[in-house]
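Chains A and B supply the protein sequences, listed in that same order.
Counting in my numbering, the first sequence runs from 660 upward without gaps.
Counting in my numbering, the second sequence runs from 42 upward without gaps.
Honestly, the hints are just simulated from the structure, not real lab data.
Idealized CB from N, CA, C, for every residue including glycine.
It is possible that some hints are incorrect.
Claimed, not checked - Incomplete in silico selection of chain A near chain B, CB under 7 Å:
| id | residue |
| --- | --- |
| 1 | Glu767 |
| 2 | Val769 |
| 3 | Ser781 |
| 4 | Val793 |
| 5 | Met796 |
| 6 | Phe800 |
| 7 | Ile801 |
| 8 | Asn832 |
| 9 | Leu853 |
| 10 | Thr854 |
| 11 | Leu867 |
| 12 | Pro869 |
| 13 | Leu881 |
| 14 | Ala882 |
| 15 | Val886 |
| 16 | Gly899 |
As the list claims (entries may be wrong) - Rough simulated footprint, nothing fancy, chain A against chain B, three-plus residues with beta-carbon under 8 Å:
| id | region |
| --- | --- |
| 17 | 55–63 |
| 18 | 108–115 |
| 19 | 159–171 |
Residues per chain, in single letters:
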Amino acid sequence: MNCLRNRIALLVGSLLLMIAPVSADNADKEEGKIDVQEIVLGHTGDAHEWHITTWGETHISIPLPVIFMANDGSWHCFSSARFHHSKDGKYEGFYIPSEGENNGKICEVVNGQEQTVKLDISLTKNVVQLWIIVLLMLFIFIGCARWYRNKRADSDAPKGFVGFIEMFVMMVNDDIIKACIGEKHYKRFAPYLLTAFFFIFLSNLIGLVPIFPGGANLTGNLAVTLVLALFTFLAINIFGNKEYWLDIFWPKVPTWLKCPVPMMPVIELFGIFTKPFALMVRLFANIFAGHAIVLSLTCVIFITCQLGALIGSGLSFVSVVMMIFMDCLELLVAFIQAYVFTMLSAVFIGLAHQEEHEEHSADTPANIQIQR
Amino acid sequence: MPSFLTPDPGLLFWMLIAFLVVFILLAKYGFPIITGMVEKRKQFIDESLSSAREANEKLANIKAECQSLLKEAQERQSQILKEATQTSNQIIAESKEKAQEEAARIIEDARRQIQAETEKAQRDIRSQVADLSLQIAGKILSREMQKEEEQDRWIDQVLSQIPNS
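Modelling step: build the complete structure from the supplied sequences, incorporating the hints.
As structure tokens, then:
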């Protein structure tokens, strides 16, 4: 959500009562017309460079490395800044169209037709953001774990940052993971769920920071939540016990529901996939929507400013208030979504480890519907 | 379909790697150490608490024991004191009695001796007086009897006295 430039413009503009209805964001658009959809999608999507701001006609952005396999099978690796160095935006025949179906993707012309490259594993904005979060997590948690070296059980409890992290980790560990999976099995899944929780939480938080090293819409990207949901799917189904599979293929329902026509088993089998799918979509949609709302509210300022100074400043004020409210709400959502993802993952894993004597009522399709 | 709904294979690939890396590293060097240490500390605290409780109980027992010992000692002390007083009183009383008896006996002895001495002295005096009086009487008689008439008169006198006695 690279809306810093918008906010700078907003602040300056609000102070000067919006003398010039010119947005820095759409300086390159004709007649200052604002395409809200493009701004929102552009900022929530991925990019091959990390755009920081546009000052007048100058784009200030961090070029990121581009790595891809072209359609002829050859690998290419160069800085994305090279696209801007040539006049037509092409480098070695590759270019990034700014509109059309392949907007934002690396393309080449094959047999006179525009085609995207075969496999693009460039270090895009989201990928760089991803690695920043990974490094941050490693730094925080391995740093905290190192504190415990040469410490014994009777040493003093940590204070300050390490104490805070310890408290946070134990909160997630005890109140979410242990509570949802159960005392007996939770230990095996705790590292994954803790990693998932803090990954989502940190990504959500850093996604709210509008400037580098934050601002990429990582957890609001389907690819990221897809991988997280995939890990949860694997954690549920690889370690599921006999009762779990029995519950799916031979659930405790009247026989006519499962014998000639395996209605319930099909529904249950479907449920295996809907559970992680719901996790994936929930996280993605929540974070994406939050970013989209904040960006849209930012766009309101520039749209209203075109209507005139007075209306513009009045509505801008309303918009700023709304934006502050939304950002606060997003802080809350950042935690809640991490919490919900971890908790539901833990619940699903817990359901896959039910003992025989326990009630299986929680695993009915009706409940899955509720959980979605 | 909008572009944000189609997962980008590049990001998918990187996410898979990045998440695996962070998961493996943190699962090995991060979270288990933190949670393990907290578990250990919790166990230690639990143990400390239970041992403290035990110690407290022991202390309370010891205190109670002390109290009972003290009480017992006090009781004994008072008993001993009482006995001692009793004994001393008894001894004093006994000795008093003995002393009185002794005194009485000594006094009695003394009295008896005095009496004996007195009697003896009286007897001595009496015999001496008798002797003396006899000697005197003899001397007087011998002098008186030198005259005949005197002798006769005396015999008469004595003879006159006999029927009277």
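Violations among the numbered hints: 1, 2, 11, 12, 16, 18, 19
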